[in-house]
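So the sequence lines, in the order shown, correspond to chains A and B.
Residue numbering for the first sequence follows the numbering used here, beginning at 1 and increasing consecutively.
Residue numbering for the second sequence follows the numbering used here, beginning at 1 and increasing consecutively.
These are computed hints drawn from the structure, not numbers from a lab.
Hints may be right or wrong, so weigh each one.
Stretch by stretch, here's where chain A covers chain B in the computed footprint (C-beta under 8 Å, at least three residues) [as the list claims (entries may be wrong)]:
id, stretch
1, 138-146
2, 162-172
3, 282-292
Below, computed lysine-lysine pairings styled on DSSO-like, alpha-carbon distance capped at 30 Å [claimed, not checked]:
id, chain 1, residue 1, chain 2, residue 2
4, A, Lys78, B, Lys153
5, B, Lys215, A, Lys219
6, B, Lys153, A, Lys391
7, B, Lys82, A, Lys78
8, A, Lys66, A, Lys141
9, B, Lys82, A, Lys419
10, B, Lys82, A, Lys365
11, B, Lys73, A, Lys415
12, B, Lys82, A, Lys391
13, B, Lys153, A, Lys183
14, A, Lys422, B, Lys82
15, A, Lys80, B, Lys242
16, A, Lys33, A, Lys163
17, A, Lys246, B, Lys153
18, A, Lys245, A, Lys408
19, A, Lys419, B, Lys153
20, A, Lys141, A, Lys323
21, A, Lys391, B, Lys73
22, A, Lys408, B, Lys82
23, A, Lys408, A, Lys251
24, B, Lys153, A, Lys262
25, A, Lys269, B, Lys153
26, A, Lys422, A, Lys78
27, B, Lys73, A, Lys408
28, A, Lys323, A, Lys163
29, A, Lys285, A, Lys365
FRET-style restraints, in silico, Cβ to Cβ [as the list claims (entries may be wrong)]:
id, chain 1, residue 1, chain 2, residue 2, range
30, A, Ala48, B, Phe287, 36 to 44 Å
31, A, Gln423, B, Ala131, 32 to 40 Å
32, B, Phe62, A, Asn359, 31 to 39 Å
33, A, Lys219, B, Leu135, 41 to 49 Å
34, A, Gly292, B, Lys82, 29 to 37 Å
35, B, Ile34, A, Lys422, 37 to 45 Å
36, A, Asp242, B, Ala131, 33 to 41 Å
37, B, Phe117, A, Glu52, 46 to 54 Å
From the three backbone atoms N, C-alpha and C, an ideal C-beta is built for every residue, glycine too.
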Amino acid sequence: MKTKLVLTFMLVFALLLAGCSSSSSTKEDESGKVVLKFLHKWPQPEYAPYFEEVVKDFEKQNPNIKIKMEAIADEPIKDKLRVILGGNEVPDIMFSWSGEFARKFVRANAALDLTPYLNEDTAWKNSFIPASLQPFTSDGKNYGIPLRFNGKFFVYNKKIFEKYNLQEPATWDEFLQTLDTLKKGGETPLILGNQDPWAAIHYLTGLNQKEVSQDVRMKDYNPGSGEFTDPGYVKAMELLADLNKKGYFMKNVNSSSHDMAKQLFFAGKGAIMYVELEEFADMDKNMKGNWGFFPMPSIADGKGNQNFITGAPDGFIVSSKTKHPKEAIQFLKFLTSKENSLKLVKEIGWPSPIDGATNPDTALKEVAEGVEAMKKAEGMAEWLDTDVHAKVADVYLSNIQLLLDGSKTPEQIIKEVQKVAKQVQSEVE
Amino acid sequence: MRFACPFLEGEDMTRTFRNSRTALLFILPALLLILMFVFLPIVLNLYNSLFRWNSFEVGRAFVGLEYYGRLFKDPIFFTALKNNSLYAVISLLFQVGGGLVIAAILEDKLIRRFQPFFRTVFFIPSVVSIAVVGLLWQLLYNPEVGLVNGAMKAIGQSEWARSWLGDSEVAIYAVVAVSQWQYTGYMAMLFILAMQKIPYEYYEASMIDGASKIKTFLFITLPQIKEMILVGTVITVIGAFKVFDEVYIMTNGGPGRSTEVLGTMLYRAAFRNDEMGYASTIGTVIFVITLTLSLVQLKLGKSGQEV
Numbered sequence: 001m002k003t004k005l006v007l008t009f010m011l012v013f014a015l016l017l018a019g020c021s022s023s024s025s026t027k028e029d030e031s032g033k034v035v036l037k038f039l040h041k042w043p044q045p046e047y048a049p050y051f052e053e054v055v056k057d058f059e060k061q062n063p064n065i066k067i068k069m070e071a072i073a074d075e076p077i078k079d080k081l082r083v084i085l086g087g088n089e090v091p092d093i094m095f096s097w098s099g100e101f102a103r104k105f106v107r108a109n110a111a112l113d114l115t116p117y118l119n120e121d122t123a124w125k126n127s128f129i130p131a132s133l134q135p136f137t138s139d140g141k142n143y144g145i146p147l148r149f150n151g152k153f154f155v156y157n158k159k160i161f162e163k164y165n166l167q168e169p170a171t172w173d174e175f176l177q178t179l180d181t182l183k184k185g186g187e188t189p190l191i192l193g194n195q196d197p198w199a200a201i202h203y204l205t206g207l208n209q210k211e212v213s214q215d216v217r218m219k220d221y222n223p224g225s226g227e228f229t230d231p232g233y234v235k236a237m238e239l240l241a242d243l244n245k246k247g248y249f250m251k252n253v254n255s256s257s258h259d260m261a262k263q264l265f266f267a268g269k270g271a272i273m274y275v276e277l278e279e280f281a282d283m284d285k286n287m288k289g290n291w292g293f294f295p296m297p298s299i300a301d302g303k304g305n306q307n308f309i310t311g312a313p314d315g316f317i318v319s320s321k322t323k324h325p326k327e328a329i330q331f332l333k334f335l336t337s338k339e340n341s342l343k344l345v346k347e348i349g350w351p352s353p354i355d356g357a358t359n360p361d362t363a364l365k366e367v368a369e370g371v372e373a374m375k376k377a378e379g380m381a382e383w384l385d386t387d388v389h390a391k392v393a394d395v396y397l398s399n400i401q402l403l404l405d406g407s408k409t410p411e412q413i414i415k416e417v418q419k420v421a422k423q424v425q426s427e428v429e
Numbered sequence: 001m002r003f004a005c006p007f008l009e010g011e012d013m014t015r016t017f018r019n020s021r022t023a024l025l026f027i028l029p030a031l032l033l034i035l036m037f038v039f040l041p042i043v044l045n046l047y048n049s050l051f052r053w054n055s056f057e058v059g060r061a062f063v064g065l066e067y068y069g070r071l072f073k074d075p076i077f078f079t080a081l082k083n084n085s086l087y088a089v090i091s092l093l094f095q096v097g098g099g100l101v102i103a104a105i106l107e108d109k110l111i112r113r114f115q116p117f118f119r120t121v122f123f124i125p126s127v128v129s130i131a132v133v134g135l136l137w138q139l140l141y142n143p144e145v146g147l148v149n150g151a152m153k154a155i156g157q158s159e160w161a162r163s164w165l166g167d168s169e170v171a172i173y174a175v176v177a178v179s180q181w182q183y184t185g186y187m188a189m190l191f192i193l194a195m196q197k198i199p200y201e202y203y204e205a206s207m208i209d210g211a212s213k214i215k216t217f218l219f220i221t222l223p224q225i226k227e228m229i230l231v232g233t234v235i236t237v238i239g240a241f242k243v244f245d246e247v248y249i250m251t252n253g254g255p256g257r258s259t260e261v262l263g264t265m266l267y268r269a270a271f272r273n274d275e276m277g278y279a280s281t282i283g284t285v286i287f288v289i290t291l292t293l294s295l296v297q298l299k300l301g302k303s304g305q306e307v
């Protein structure tokens, strides 16, 4: 009797286990095709069709490869990537930001070293603007292939600027004067939607770079040696807080989203807004001919290189667990071919990292000019929230709203940053 | 049954034994499922909280109770505890207290004719998906175009208008308020169901004795639905300590960390800061808190004696 009970118990248990495990076996296509899983972050209806077309073209040219595509939006993909990488169904090719965001996957041995593939095909390697490959490197090895080359610029409303006879400011002092004139004239000088705090972090990205010397900043941004004791970090936050104290930002920055703020800018409710190069197409659609742009003005006594531009490429990494590295590279080559890059620039208006793809013939005049400005720049300040360790980024992200509403001072915030940076140092070997 | 057992002999005895064994066989699958998907994860979670690890790395480092020490020194943990407690207290007041009052009013003879209408109206918010509710209220709270500030201005109290979700002083109350809007009707519904089971004779008798409406409510309705009130209280309080979606969608813990609750803190640790061990620690603490609270409540309510 007892054995029967035990047997039943075991049977049920076995059934349960079987039910759990059968779903995780990997599925190879019936017809013997190679299946590549491809994860990107653009499910929006204005961008998704481009990827669908490219995938279709690729499958037509390579009938033995099938691409399984999936898209997850910007904010959720930050969390999902971490979960997916821990599971059994890791995509072969997946989106990643450059800098520390990709490097933490490299440290965990989750990303494939792409250096041999790039060196094998120098024509491919040389087709990229060098500055776009560099942010994806770690210890001199390449881990990512850039798809876009994104930069951050101030855009302004030309009509409002003309009304007050204003020029594009080149220095921070000129910038402050411009803002002051606008404020006195009763305009809202700066539009900012900081509900998701990356918006203000992008200001701080540039300000940190301009205030702190390159060596110190690179040492601090490295999780293994970050200290953040340079006074430049406090100064950078002070400059940002001052913009708010003097009333240059619009009202309710912390409860307006970036998109909502953009609508205000389109409606002429403010003079200047800080946006990404990829949004230029949107600007042109809504304010045809009535907008111009300038990079973040230089700071006279700043210790950083003043000829840097804020921005970074983003693109794709290949999973170290992939069974088909060759096919994955083949797809990435197709994705970054001159032909598809031209198409990318033309159809969705994104700046391409392929040399010569973003030119006045294919792209919007302003986008081409923006890419030109980035090529001329001596370096890039990569996004603060993806270029430092996630825990340090989190301190910045959650405090920047409090900096703007005045409830925390730069000194208080940098103390927290230093504390977490120390903790991170001890955890990363 | 228990008393009968000793007097059973021979075949009767085996039959009872066999019966209970059959019963056991029937609950076995459910028991196994619960063991595998509830109790095993709880134990594993406790074990996981002793390591430093993240979801995409293979290795893990043993850190012992370090994370527990860190948690109890983390100021954000106390912000989160405070916010969860606020959630619990306000929810008890509005959902259980307010729900009771609404239920009693709708059950009153005079209004009962319209009860289906009101019941539906009050119940509707709780069937709307939480993601939709979050986005809806984000718009309502919007300082520029939102209805809430518009209403404040319309009644001439424009100094009350503010940036509801962007002000660290009031943001948590704004978020809690949404939950009250959503679930008070649901609670009222549960109470109405319980009240409908009360025999009408009690009310008749008290009416003849000349008891006022308030007195009937206090001395007949309340004691009769005691069990349901207890269930409601347990659900509300535990829900308040498990809350996640509302906060995540509306403020994601911001501005700053002012609306952080234990749930969002856990999520942030796990999926933003890559500290699964710390997240497991928070998970264990949430479990201990909710377990203690429900045990206390069950003890106080002396449940299990009725129903």
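Checking against the hints above, which ones are violated? 3, 4, 5, 6, 10, 16, 19, 28, 32 and 34
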